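A.B. asks: Sequence:
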Amino acid sequence: MTGDDAIRNWLTEQWAVPAQERGVEVEGAPIVYRGWNLKATDLPGLLLIHGFRAHARWWDHIAPSLARTHRVAAINLSGMGDSGRRPAYSRAQHGREVMAVAAACGFDPVTLVAHSYGAIGCIMASIAEPDRVRRLIVIDTALPTAADVGHQIPVPPLRLYPTREAAIERFRLIPPGEWPIPEVLAYIAHHSVRETDEGWTWKFAEDAATSLNSEFYREALFGVPIPTDVIYGVQSEVMTPERRAMAAEIAPLCGPPIAIPCAHHHIMIEQPLALVTAIEALLATPRTR
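Counted the way the UniProt record's numbering counts, the sequence shown spans residues 1 to 289.
There may be inaccurate statements among the hints.
Stated by the list, open to error - The calculated EDC-like cross-link candidates involving lysine to aspartate or glutamate, where the alpha carbons are at most 20 Å apart (straight line), are:
(1) Lys-203 to Glu-165
(2) Lys-39 to Asp-108
(3) Lys-203 to Glu-21
(4) Lys-203 to Glu-25
(5) Lys-203 to Glu-169
Bear in mind the hints are in silico, worked out from the structure with no lab data behind them. Note that the structure is predicted; figures quoted are calculated from it, not measured.
Let the hints inform the model, and build the full structure from the sequences given.
C.D. replies: Take a look at the structure:
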């Protein structure tokens, strides 16, 4: 058996672990989440949060391993995945959705593990409700430095495709990375499209960036009072040295950053085993305030 065969077998085993799908209404929008080992109420709770225009199923090959020691849930933020849409979106509101799902699962306190955009709302939630958050693990996040103020997220046009296959064929990572595991990329792409009356399109609201681009939120991220850790891809262009340094500025209890070699921004797609190992190692090391 080759190393590639071993990874494929591991992925098959991970995806074979069934997940429960549940929902909760948050401020007028249905929020859908997936759960593993939720009935093991003697275990601590852990909530996985995806990045921008992603969805809960990005974690389907990661969550089962973490569920050996935790009750685990993965959220679809509003405007993304299988959750409902809103007239407008905000990072703080996404943070409130995270805490609502944690409450629905009985995770009190909760450990938040958040990738990219998803970490921003979690930082805000941790500041707003520190007693409900045990710790925060931030994965390759574009924390806004002073030079980033005013950055605008591109707003794409609505794209429609005649078939599911045609849409999946156009699936791309942003930023692209270089070494995605083909099976992981294909799995995520398969679960990233939905059918409408006009054709097939992506599982995200194209206009979500419009309201997010009007936010000036950098100052709202300072003063994180809970233990925080950072995981980043060595080849990532997103979590730069300046942004890693900012993590220590906003979170006085931030641990030293953990580097994942041979990984760009989407670590769970390029180096899922290393990501699981890093998260498990952090979880096995208690942090106190």
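A.B. asks: Need the list of violated hint numbers for this structure, in ascending order.
C.D. replies: none
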